Amino acid sequence: MLFFSYFKELVGKEVTVELKNDLAIRGILHSVDQYLNIKLENTRVVDQDKYPHMLSVRNCFIRGSVVRYVQLPPDGVDIDILHDATRREARGG
Amino acid sequence: MSCSGLDDVFLSTSLASYLDKKLLVLLRDGRKLLGILRSFDQFANAVLEGACERVIVGDLYCDIPLGLYVIRGENVVLIGELDLEKEELPAHMISVSVAEIKKAQKAERDATDLKGSMRKRMEFLDFD
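Going down the list, the sequences are from chains Z and L. If you read the first sequence in the numbering used here, its first letter stands for residue 28, the second for the next number, and so on. If you read the second sequence in the numbering used here, its first letter stands for residue 38, the second for the next number, and so on.
Simulated from the structure, these hints should not be mistaken for laboratory data. Since the structure is predicted, the reported quantities are computational estimates derived from the model, not experimental observations. A couple of the hints might just be wrong.
Claimed, not checked - What follows is a list of derived Cβ distance ranges for each label pair:
| no. | chain 1 | residue 1 | chain 2 | residue 2 | range |
| --- | --- | --- | --- | --- | --- |
| 1 | L | D120 | Z | I106 | 47 to 55 Å |
| 2 | L | K123 | Z | P101 | 29 to 37 Å |
| 3 | Z | E116 | L | D120 | 37 to 45 Å |
Where a beta carbon is used, it is the ideal one built from N, C-alpha and C, also for glycine.
Make a model of the complete structure from these sequences and hints.
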């Protein structure tokens, strides 16, 4: 559940989600669930010309299983807190 | 439903806030389906009413009507809400008939096949 909690902290920040089919979408993280499904708002596709069908998509739901990377804002991660949380999780809660 | 319950629907990651809206569903094989979301579950299985497949080849496109579709969740890549204010496609794209889009699709497939077979024959050159 660590990454679920972690992503919940990032809600409201701008992220880029790269999918396994190479489509990369930038948008405001609206919400995330336990499968790491992601909802984005105010989305735009990084390579718009290659994906014309995405032009009028403003909000979207991305299935967690197709995500390759999530690129975070530079200030989106506090290493110390993540480090502690990881150790807590490894000890079993 | 109470007011906070309604808020939950819009704050959650579930597809509930997309119900009865016109959506674009991207599938794992690259297909693009358009339709109105009538039902869904936790796997992103979805029922689309008035579904059609949007086939795009270069600057040509065609919406092929399909009817009522049940999509198995594992095939879903992305479900996008269409902004009705905005044009769905860039202005330079041309709508063509089903026959024409099938022809264009076949031409494109043949071209990629040819490229693939040429590459295979040239493999001894080892150009990677």
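Problem set entry | Ascending list of hint numbers which this structure does not respect | Those not satisfied come down to hint 1.
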